[in-house]
Amino acid sequence: MQYEMVIAGFGGQGALLIGKMLAYAGMKEGKEVSWFPSYGPEMRGGTANCTVVISDRPVGSPVVQRPRALLALNLPSLDRFEDAVRPGGVILYNTSLVNRECRRTDVVVVPVAANDLANALGNPKGANMVALGAFVGATEVVPMTQVEALVRETFARKPALVDVNLQCLQAGFGEARRCVEGRDRPAAPGM
Amino acid sequence: MSSPAVLEETPAAASERTRAPVFGHPESLRQVITHYCPGCTHGVIHRLIAEVLDELGVRERTVGVSPVGCAVLAYNYFNTDMHEASHGRAPAVATGIKRGRPDLVVFTYQEDGDLASIGLSEILHCANRGEKVTVIFVNNAIYGMTGGQMAPTTMPGQVTTTSPLGRDVSLAGHPLRIAELVSALRTPAFIARGAVHTPLHVVEARRLVRRAFQYQVEGCCFSLVELLSTCPTNWGIPPHEACAWVEKNMVPYYPLGVFKTPDGGDRAPRPLGRE
Amino acid sequence: MARKLMKGTEAIAEAAIRAGCRLFFGYPITPQNEIPEYLSHRLPQVGGTYVQAESEVAASNMLYGASGAGVRVLTSSSSPGISLMQEAVSYMAGAELPVVIVNIMRAGPGLGGILPSQADYLQATKGGGHGDYRVPVLGPWSVQEAANLTMEAFDIADRYRTPVMVLGDGLIGQMMEPVELPDERPPAPDLPPKTWASTGWKGDRPRAVINSLYLDADTLEAHNRHLQQKYRQIRERERRFQMRFEEGDYDLLVVAYGTVARVALSAIEELREQGRRVALFRPISLYPYPYRELAAAAEKARAVLVLELSAGQMLEDVRLALGRSRPVHFHGRTGGHLISPEEAANRMVEVLEGRSQEVADV
Amino acid sequence: MFRKSLTILVGHFGSGKTEVAVNAAMGMARDGERVALADLDVVKPYFRSREAADALARVGVDLVAPEGDLATADLPILLPRVRGLCTGFSGRVVMDVGGDENGARILGALSDLLQMADHDLILVVNFRRPFTPDPESAVAMAREIEQVSRLRMTGVFSNTHLMDRTTREVVEEGLQMARRTAGMLGVPVVGVGVEAGREQDLAPDNPGCGVLSLRRVVQPPIEGPRVPRSGPLFVLR
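Chains as they are written, first to last, in this note's numbering: chain A, 1 to 191; chain B, 1 to 275; chain C, 1 to 362; chain D, 1 to 237.
Be aware that one or more of the hints could be misleading.
[To be verified] Pair ranges (Cβ atoms, derived):
1) D:Asp201 - C:Arg324: 53 to 59 Å
2) C:Arg302 - A:Glu101: 35 to 41 Å
3) D:Glu67 - C:Asn224: 19 to 25 Å
4) A:Glu101 - C:Gln274: 44 to 50 Å
5) C:Gly131 - B:Asp103: 44 to 50 Å
6) C:Pro186 - B:Val251: 53 to 59 Å
7) C:Gln242 - A:Met1: 55 to 61 Å
8) C:Asp132 - B:Val251: 33 to 39 Å
Since the hints were made in silico from the structure, they are not lab data. C-beta: ideal position from N, C-alpha, C; glycine also.
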């Protein structure tokens, strides 16, 4: 089973970091993974995006035209990748920065107000963690415990940040779970 | 004229004296015939370097880098391991050798087209990084190897095959003063200019070459000695006139002396208003 | 050996260190800056030296010096920078100096752009600079393979006394994948000692003169014959390639290298699920090119399709391998565009269904 | 034709200095004289008298030119022995100097000795070459050569030809222009060159100077061994 996803947002929103954490968690799970960034002029303004593939066997193409899941952190990202997602896939978008509905009806749509949730938790910088938690909740592409361990590891040198980021992560996860609970989901690998 | 001391010598002592070598071949120079023209001072400069390497006892751990220029075949003349560099890149090659094997004594032997024209970037950055190598820069104000074209160091008005009416400074700029240019860098270094057109100057040049290598052996700093040199063949004048030409035309424009020593302090100007 | 998630550039840099390289000379250029950045940080930790040169020209000449002094040394650059390095590459080939050069290709010609490309294939595999010389070229398709081939490149360089190039497209440099690296990868035990190196002459061996200048025509021709003999040996012993789905019959053989081969593989897997008979041939050594193996692999196929991020460079070697024995088709993208698996699959179907035009004679 | 103990041949690129020098030296040697030919061409790295080394050696001409690797080095090598030839050589010396005033600059480096030696400075001219289409340009070149070499011209050698397409008219016309050149310089025409074997076809009727048969010994690298096509050289007598 192979699962391809695109994570996209403004430069600085943490799209590349979210992608790396997903790839890292996948690797820790013993999966084959690849993480491929868009680079160059796109990184300055516009969207910064990366493609992550998590698979049971060696990853074929690291370049993906039709991903199974999209995490759109802002409107341009949704505009650009909305149509690319395979039918039956997942589109998770950040309603704090997207002022329209998702048009697709053949995918699982998960709207999450990542920035608003992070602000409410008193951690405005934690929007990316909210989004990551929500994406894991919506796709179940990697176990949440693996991602939590990763957050602890990432912020090991700044213990004060561990709890606030875990809070954001779990808030996002919970929000997404509530949203997808009871719906048909596309199968995720190894879950 | 003979001195009384010699007259009083015993025959045995006199015989011993005549057999004792007063002028030998430096160990750091191979006993081969060079390709240099009569009156060319490359041979003199080769010898100065070789004598200094012998004196410092570093021949067995010295690696030289020869340039593209008349001294392109210098690797045949020095009795050390040698590299032949591409045109102008000797300071980069020397950097590679020295960084790879810091225990080696590394010198480059370069001429004006090589160092002052195509290799200006390499020499400035090598000096600026403070690579602990020694550069011997032979300035004879002309491209010798390719047959007498204008060099960056060609004198104003000097006729060469590519400045048939004499170097026009309004078109070709003024001759580059390398010792001054390199000594303007803030990195500590030993930078000096000597000449080899008279015996007295040769003696002085030898001191400069010795100091330059000494600094390297002590692991102290980058060192560069510019030596004003002759090219009778391409200048088109006999050797003795070439020596006089150096004195008359080059020395006034290229002043001789030590431009920078590693302990020479900071040459940077003071901030405005604090004079 | 723990798996680590590494960028291709980082993996290449770390692999060089594990292979005993303690010297790097380079000059920044996108998209390979992580290699000098990584090494400027890592080399001092292991007692090595990192020098940021004033230009690619100087960097490659520093390589010439260091390698001549007998130490393992690395540089990396991207297409325009590699062009500047060709001066010293030719000198190093002439003076028979072992170095490893990494080229993370970007789109050209000229300043071009910083996006991925495979447009330096001809420059890399046909010598690159002036004079009759060749440089072994290795084209990895994954981050792990990039690391492995980098380590191996040092051995190949030392064994044959030649510069070796690791040729990656921009994707290899920028993507992250899990990598396993040995703590230390010692040089192969059978490598010849570097008695030719300039380490200071004590009279116990011939004087070392690192040089590519031979004034006499006969001597220079003899030197060239010696180099060609060496290249023949390399062609005999160092051909590397990989095949997928070679068992059973296939109608179409796809030829691609680097990450493009991975795109092709994904496309082929999808087509095979639909019952299409397609196989993949992936050269790993681009010089020496596995001509014979490719010709043998093409015997089963009715047609051959070459995929490249260029206007058709490796295509020339494929045609050299196959002659007129099989129709050869081509699909390439330039300018930094990638080939997507869907695009690749569409072209394969076109060829299979006879809707593609064979590459015309040049 | 060449009477002094030291004959210095100068001229523009491609005027035929080297052929004249080689043939003159070989002629002297065949006459039983001890001859040294000094290759002073430091300007161009090919088509120099050193390429005739074997032919010269066969007739006993002592070729003074860089040897071994240095023979093909792009280096302006003036051998120390050349200075010796200027003063202490007991036979005849022919000097083949590189093209125009750039090549003649090397004579300046020897001028301290040359000025004292019994020498001829001969301008070799081919008016069918672009650099010297007429006597005026030949005189201008002669003056430049005199300036850098610090020597005075003592004669003109007429070497106008068109290789295989040379006719008697070409030689005659060239000789007339050489005479005018010599007149302006105040020196004699010392000789005229014609291709060996074609003397009957080409030699002027009343040359008023010596005629030198020139056998092509030095090949331009672009030509390869000369393939005979026609001409009296290959007519069986």
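How the hints compare with the structure:
{"no.": "1", "hint": "D:Asp201 - C:Arg324: 53 to 59 Å", "in the structure": "holds (57 Å)"}
{"no.": "2", "hint": "C:Arg302 - A:Glu101: 35 to 41 Å", "in the structure": "violated (50 Å)"}
{"no.": "3", "hint": "D:Glu67 - C:Asn224: 19 to 25 Å", "in the structure": "holds (23 Å)"}
{"no.": "4", "hint": "A:Glu101 - C:Gln274: 44 to 50 Å", "in the structure": "violated (35 Å)"}
{"no.": "5", "hint": "C:Gly131 - B:Asp103: 44 to 50 Å", "in the structure": "violated (33 Å)"}
{"no.": "6", "hint": "C:Pro186 - B:Val251: 53 to 59 Å", "in the structure": "holds (58 Å)"}
{"no.": "7", "hint": "C:Gln242 - A:Met1: 55 to 61 Å", "in the structure": "violated (24 Å)"}
{"no.": "8", "hint": "C:Asp132 - B:Val251: 33 to 39 Å", "in the structure": "violated (48 Å)"}
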